[in-house]
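J.: Spelled out from the first residue to the last, the chains are:
Protein chains: 2
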Amino acid sequence: MKKIILLLAILISVTINAQTDAENIKKIYDTSLSNGMSYQWLDYLSNQIGGRLSGSLNAERAVEYTKEQLEELGLDKVWLQPVMVPKWVRGNPEFAYIETAPGETINVNICALGGSVSTPALGVKANVVEVQGIDELKALDRKDVEGKIVFFNREMNETLINTFNAYGGCVDQRYAGAMEAGKMGAVGVIVRSMTLAQDDYPHTGSMTYGDLPNNQRIASAAISTNDADKLSGMLKIDSDIKFYFKQNCKQLKDVLSYNVIGEITGSEYPNEYIVVGGHLDSWDIGDGSHDDGAGVVQSMDVLRMFKETGIKPKRTLRVVLFMNEENGLRGGKKYAAEAKRKGENHIFALESDSGGFTPRGFSFDCSDANFEQILSWKPLFKPYLIHYFEKGGSGADVGPLKADSNVLAGLRPDSQRYFDHHHAASDTFDAVNKRELELGAATMTSLVYLIDKYGINPIRINQQLKD
Amino acid sequence: MKKIILLLAILISVTINAQTDAENIKKIYDTSLSNGMSYQWLDYLSNQIGGRLSGSLNAERAVEYTKEQLEELGLDKVWLQPVMVPKWVRGNPEFAYIETAPGETINVNICALGGSVSTPALGVKANVVEVQGIDELKALDRKDVEGKIVFFNREMNETLINTFNAYGGCVDQRYAGAMEAGKMGAVGVIVRSMTLAQDDYPHTGSMTYGDLPNNQRIASAAISTNDADKLSGMLKIDSDIKFYFKQNCKQLKDVLSYNVIGEITGSEYPNEYIVVGGHLDSWDIGDGSHDDGAGVVQSMDVLRMFKETGIKPKRTLRVVLFMNEENGLRGGKKYAAEAKRKGENHIFALESDSGGFTPRGFSFDCSDANFEQILSWKPLFKPYLIHYFEKGGSGADVGPLKADSNVLAGLRPDSQRYFDHHHAASDTFDAVNKRELELGAATMTSLVYLIDKYGINPIRINQQLKD
Numbered sequence: 033m034k035k036i037i038l039l040l041a042i043l044i045s046v047t048i049n050a051q052t053d054a055e056n057i058k059k060i061y062d063t064s065l066s067n068g069m070s071y072q073w074l075d076y077l078s079n080q081i082g083g084r085l086s087g088s089l090n091a092e093r094a095v096e097y098t099k100e101q102l103e104e105l106g107l108d109k110v111w112l113q114p115v116m117v118p119k120w121v122r123g124n125p126e127f128a129y130i131e132t133a134p135g136e137t138i139n140v141n142i143c144a145l146g147g148s149v150s151t152p153a154l155g156v157k158a159n160v161v162e163v164q165g166i167d168e169l170k171a172l173d174r175k176d177v178e179g180k181i182v183f184f185n186r187e188m189n190e191t192l193i194n195t196f197n198a199y200g201g202c203v204d205q206r207y208a209g210a211m212e213a214g215k216m217g218a219v220g221v222i223v224r225s226m227t228l229a230q231d232d233y234p235h236t237g238s239m240t241y242g243d244l245p246n247n248q249r250i251a252s253a254a255i256s257t258n259d260a261d262k263l264s265g266m267l268k269i270d271s272d273i274k275f276y277f278k279q280n281c282k283q284l285k286d287v288l289s290y291n292v293i294g295e296i297t298g299s300e301y302p303n304e305y306i307v308v309g310g311h312l313d314s315w316d317i318g319d320g321s322h323d324d325g326a327g328v329v330q331s332m333d334v335l336r337m338f339k340e341t342g343i344k345p346k347r348t349l350r351v352v353l354f355m356n357e358e359n360g361l362r363g364g365k366k367y368a369a370e371a372k373r374k375g376e377n378h379i380f381a382l383e384s385d386s387g388g389f390t391p392r393g394f395s396f397d398c399s400d401a402n403f404e405q406i407l408s409w410k411p412l413f414k415p416y417l418i419h420y421f422e423k424g425g426s427g428a429d430v431g432p433l434k435a436d437s438n439v440l441a442g443l444r445p446d447s448q449r450y451f452d453h454h455h456a457a458s459d460t461f462d463a464v465n466k467r468e469l470e471l472g473a474a475t476m477t478s479l480v481y482l483i484d485k486y487g488i489n490p491i492r493i494n495q496q497l498k499d
Numbered sequence: 033m034k035k036i037i038l039l040l041a042i043l044i045s046v047t048i049n050a051q052t053d054a055e056n057i058k059k060i061y062d063t064s065l066s067n068g069m070s071y072q073w074l075d076y077l078s079n080q081i082g083g084r085l086s087g088s089l090n091a092e093r094a095v096e097y098t099k100e101q102l103e104e105l106g107l108d109k110v111w112l113q114p115v116m117v118p119k120w121v122r123g124n125p126e127f128a129y130i131e132t133a134p135g136e137t138i139n140v141n142i143c144a145l146g147g148s149v150s151t152p153a154l155g156v157k158a159n160v161v162e163v164q165g166i167d168e169l170k171a172l173d174r175k176d177v178e179g180k181i182v183f184f185n186r187e188m189n190e191t192l193i194n195t196f197n198a199y200g201g202c203v204d205q206r207y208a209g210a211m212e213a214g215k216m217g218a219v220g221v222i223v224r225s226m227t228l229a230q231d232d233y234p235h236t237g238s239m240t241y242g243d244l245p246n247n248q249r250i251a252s253a254a255i256s257t258n259d260a261d262k263l264s265g266m267l268k269i270d271s272d273i274k275f276y277f278k279q280n281c282k283q284l285k286d287v288l289s290y291n292v293i294g295e296i297t298g299s300e301y302p303n304e305y306i307v308v309g310g311h312l313d314s315w316d317i318g319d320g321s322h323d324d325g326a327g328v329v330q331s332m333d334v335l336r337m338f339k340e341t342g343i344k345p346k347r348t349l350r351v352v353l354f355m356n357e358e359n360g361l362r363g364g365k366k367y368a369a370e371a372k373r374k375g376e377n378h379i380f381a382l383e384s385d386s387g388g389f390t391p392r393g394f395s396f397d398c399s400d401a402n403f404e405q406i407l408s409w410k411p412l413f414k415p416y417l418i419h420y421f422e423k424g425g426s427g428a429d430v431g432p433l434k435a436d437s438n439v440l441a442g443l444r445p446d447s448q449r450y451f452d453h454h455h456a457a458s459d460t461f462d463a464v465n466k467r468e469l470e471l472g473a474a475t476m477t478s479l480v481y482l483i484d485k486y487g488i489n490p491i492r493i494n495q496q497l498k499d
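Line order of the protein sequences matches chains A and B. Here the first sequence stands for residues 33 to 499, numbered as in the numbering used here. Here the second sequence stands for residues 33 to 499, numbered as in the numbering used here.
In isolation and in its complexed conformation, chain A is listed as follows (with noise of 0.2 Å):
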């Protein structure tokens, strides 16, 4: 009975709020498609600046510019996190060939995956021995794996229709592939991309050796699809052809690096905090225009827009730009840490890390009642084709801000693009639409605005009424 009154007073609630929520919501709509940043900084930070690994000299250019550009807006407050990061560096161009016969090579398409020890400087060349999985490789004899490159070539699963469960069905034998082959003895390993698309590029990403000794890490980079298959084929015909490659990445010092913060104080409780958030690191091939330059620019245009319409949050709003997502979440760790040590009560974290493309709804990770409450909020999207509000995941860096009360959530966008681009020199800014990655920013921004305006926990909505 309780819980019926509580619905009650929700469901009063909301419709007497549903016209103005209506019109503010179509106003940030408007605002983004007409008058949006989110691809202007894009372009700068893809084009201008380009891919931007952790610790390198572009992730620092990175912090520069989007703290510049916070600063423009006038915000209440734009400062830099400092935060540790691993520093990996992929040395020359990796190189690649299949040896049919002495003499006789093919060059195929490969990257180091991020993480990877070096070949010796000569490179490896060794016979190859074809998986499709690490249960695959430990159900081998070790003299079967012994001297050898190991070949993970599983396929992503094409009929998933959220091309992420693929990757997530697929993505062990990049990250523990090496670790793996490497306690069998072998001398290499080269993993199938992690994309559906049929083509030329590699794509990194990255990689574990756990606590295996120096002496077996092996070396191990990815293989385009195409010389995937390929390598496949020729193996079918002749198990004795060779496999050469020679990579000189290694991996350096942790060196300083920043997440970027702006903040604007909250009105009426400036001491519930809501963070919008992506990260600012990439991989170093492409420019990270997918991944994560859409989720970057659109979270600083999040308070941007509220600005920009004159929305004035009750709570503190944070645009969080995270710093090493991609090999160690060092950003994301270090933000919740600080969080905690401040007693920062963070009632809501969204990330948009999916790519930009036109964004389809929400996965939330909550408790039933605010879920609850959230699913209240639906019919306000549904004018901008936004239907998908699901219980799940939210997103790597905003992940470790979990606690019970709150509320974490992850943008998700259409993902029949995504892995074409993840991690490859295709993440590129042409491969990102306009309308799409500002379509996004906008219903980032409404739902960041009914959090803002009714909080997290229904009862204080019950509350507000009775004011």
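Keep in mind the hints are simulated off the structure, nothing from the lab. Predicted model, so just to flag it, every value in this text is computed and none were measured. Worth double-checking, as some hints may not be accurate.
Pairs involving identical chains hold if they fit within one copy or between any two copies, as the list cannot separate such chains.
[Claimed, not checked] Subject to a maximum C-alpha distance of 30 Å in a straight line, what follows is the list of computed DSSO-like cross-link-like pairs (lysine-lysine):
#1 Lys410 <-> Lys58
#2 Lys58 <-> Lys339
#3 Lys58 <-> Lys414
#4 Lys410 <-> Lys423
#5 Lys282 <-> Lys262
#6 Lys344 <-> Lys372
#7 Lys423 <-> Lys58
#8 Lys59 <-> Lys423
#9 Lys99 <-> Lys485
Based on the hints, put chain B in the right spot on chain A.
T.: Okay, now just chain B, sitting in the frame of chain A:
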């Protein structure tokens, strides 16, 4: 009460069949994503054939190619339906410049509108009067228009979420601008391209002179959005600048062409016809990949997937590749006239002519009762993120099949990028994403599967249940 019993009957029927339906629909999506033919067919249509203007050799090549491909599918019947189509030819590349002072010129990108007359052989040069639409033109004095080039520069409304609505709010200036300006003594018409993108592509499209006498018919061309802004900006500083353009397009006599039709004859209700189609013709600039190569190959794939999955239709399924949607609609009219003449009962027709982007759902032109039935199927589409089931228009080519008792529908893909490519040289194969195209084909096939299984009249479902 009768209505409630009816609805209950539908509900029971839906529940009984939901399991099988979900399984079959999953099979359809899996087939399309793993083993679709849409992308391969579109590659040929776009890259080996190219632009397919009605009456052109390429249009005839497209007729031959698609007929051959349908014949290979083992359908029950494949044939060509003759139809006379208008033949308009573009002639030599158009040429245009802005003259800011004698000899001081800036070249701009234009293309003749489909159906336009040529300029005089040496082109036309005149002062420019800029208007934001036909109403503004009509409000002018004849003397302000006479001897001038009218420049229609109304922009598409970027705040509309469905870009087709933005197109609909602007296209009158392209379609009827030259007719109205001709009546007032103008010597030429330049129209801002119908796109939300800011770039250098002029976008063609159909226009009409109505029954205007020949001597009042003036040449009309589209200008790229970048150049439209250039021209408008210059006019603000100096209203005396001149515009020159030259084009030698012309309308020839009608020629014979064809609709391409393939059929799987229904096993139980062969006299109930279900049509799925797109249009085979396209504009001549670009290769017509999105408009409407996508709809053509998706429609072909619908019938292929019935063969591939082994689902035997109870009703007669027809794929119709309509000729001449772009500048005459003769194919659509012809097909409907023949259907009527033969007394064929077309219970359902589905058109895909909104680009090969991620499908969001359908719009339906039907009775409330049929719509209620269709809405009951919506949960079956949820796993595929298909959420948009609304009443509305269907498509130009299937429109003439409208009857009181039947259902027409249009596939509704994401519309954000559509007008970046529509009718422009940028409508090319590389702008189509394979998965997005295949998801569209699967979504169409799934709806056709349900319509075929249950029919469109709720009464019939009730009867089937009692059998």
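J.: All the hints need checking, so say for each whether the structure fits it.
T.: Results for each hint:
1. For the homomeric pair lysine 410 and lysine 58, the shortest alpha-carbon distances inside one copy (14 Å) and between copies (27 Å) are both at most 30 Å.
2. Taking identical chains as interchangeable, the C-alpha atoms of lysine 58 and lysine 339 lie at most 30 Å apart only when both belong to the same chain, with a minimum of 15 Å there against 46 Å between chains.
3. With identical chains, the CA atoms of lysine 58 and lysine 414 are at most 30 Å apart both within one copy (11 Å) and between copies (26 Å).
4. Taking identical chains as interchangeable, the C-alpha atoms of lysine 410 and lysine 423 lie at most 30 Å apart whether they share a chain (13 Å) or sit on different chains (20 Å).
5. For the homomeric pair lysine 282 and lysine 262, the shortest alpha-carbon distance inside one copy (29 Å) is at most 30 Å, but the shortest distance between copies (51 Å) is not.
6. Taking the shortest alpha-carbon separations for lysine 344 and lysine 372, only the intra-copy value of 26 Å comes in at or below 30 Å, while the best inter-copy value is 62 Å.
7. In the homo-oligomer, the alpha carbons of lysine 423 and lysine 58 lie at most 30 Å apart both inside one protomer (25 Å) and across protomers (23 Å), since each shortest distance falls under that limit.
8. In this assembly of identical chains, lysine 59 and lysine 423 lie within 30 Å of each other by CA distance both inside one copy and across copies; the values are 28 Å within and 26 Å between.
9. For the homomeric pair lysine 99 and lysine 485, the shortest alpha-carbon distance inside one copy (27 Å) is at most 30 Å, but the shortest distance between copies (59 Å) is not.
The structure agrees with every numbered hint stated previously.
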